[in-house]
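A.B. asks: Sequence:
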Amino acid sequence: MLRHANHHKPVMLIAAVFCLLVTAVVAQAQTPDARLVVKPALDPKYDRATFDLVLRRLTERWQYFANITIRLQSTDLAPTGGYNPAVHKIQFVYDSCDLQLVPFDSASMNAYTLDYNIVNGDLVVNILGPDSVQNAYSIPSTTDSLRLGRFIITSTDGSYVPEQLAIVQPSDYYQAAAFKIDHDSVTGNGSGRNTWFNRHDNPPMVVEYEERLPPPDTCGAIFHFYGSYIGDMQVQLGFTVSDEHCYEGYIIERALVNRQQPEVLDFQGRSQLTYLNEPRLRSCYCLEPQVHDSLYDQVEYRRETYAYRLIGKRLPYYGDTLQIIDTLFLYIPNAIISNARILENPFQDQTTVRFNVDDRLRLTAKVFDLGGRLIGYLENDQGVPIENVEYAIGIGYELRFKAPSIASQGLYNILLVAVPVNDSSFDEESSRVIIKAQLLR
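Each residue of the sequence shown is one higher than the last, beginning at 427 in my numbering.
Fair warning: there could be bad hints in the mix.
Below, simulated BS3-like cross-link-like pairs (lysine-lysine); rule was C-alpha separation at most 27 Å, straight line [what the hints assert, rightly or not]:
hint : residue 1 : residue 2
1    : Lys739    : Lys792
2    : Lys828    : Lys862
3    : Lys792    : Lys828
4    : Lys471    : Lys739
5    : Lys465    : Lys515
6    : Lys515    : Lys471
Honestly, the hints are just simulated from the structure, not real lab data.
Here the structure is a predicted model, which means the values were calculated and not measured.
Take these sequences, add in the hints, and give me the full structure.
C.D. replies: This is the structure in structure tokens:
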């Protein structure tokens, strides 16, 4: 319906302008002011169809959008009565419209209101705009468009919902469209020249229609498979996927890389790394990007490389096959103490040793003279001697050695001995570091 902000028109005049609006839509000789595009979107659900409505500005005659009424029908369901309110439900996707949407207020409208329903088997969408042009949405140029919104049609009984939509030719008030004028004007030629529009009025505009075909359904998902060794003989795996509407779920297999034949990989399944047992490896059957993270596997050997292979299980509609997606290789470290170095050497009273820990361990740090006599222990920042102290994976750990007063000038051996925690494959220490330090008196 046409709205006027600052004055009231007789009912007959409103009806006359309304008829003019509908007539303008169907008049073929007039230049279209806008193009209404219905764009089906790829939707993997059998019982659901998704589409967007877009309005494109075509002429310089208008800039501010006022209102529109759109009537759509399913080309497949129309011959049998169209959409059935008892079976089909319509949903508007929140925040999918460029307009500011508010509830309808008959007294005053400062933004837009949107409603939708099934009427006589067709889907009807109404958008009503603000009273004032100051609050109207501006489409700056003829190269710009306005996204009216995304809608989802679902069936409550699980029946198939066709994707192809058609815009119904104007009938009664359907397909009415108007813009908001920002100045007083007189329009028309000849007898029509007495048509006046005041600022804030809603002049009708001619709309042409474009009905696009549903996009092709392809399985072109982009994956990123990643993993890392996190200590305690455990690896953490995960992957991201751009969309997974073609997949039922995922499987991750493992192989121990043979040093003599690294190209020969004997992959084996892991019971906890299959979508049949692990819910986090199941597909969402959706088009939105997904993250499958925090997947863990326990390994048996250090100083070895493990290969992990990500496999996708296609849905029956997309082939019902196993697809190898990606493979990554993870090395399980041997030296659980690394980059150990002395910061002050030679030193006078005390020095600092800095090191990294590649795996959770128990550390003992001692200082011996060249004759093998124990001089003392290195200490942490709290002054605690380092004897069988547990350290987590990390970098830049620092320990200090304070030379006792009885220590004479000369060379000393700083010995770091580390034993991995929770590693049954080692009976003795697996990491030993000796650093030469010179004491000056």
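A.B. asks: Against the structure, test the hints numbered earlier, and report the numbers of the ones violated in rising order.
C.D. replies: Violated hint (a single one): 1; every other hint is consistent with the structure.
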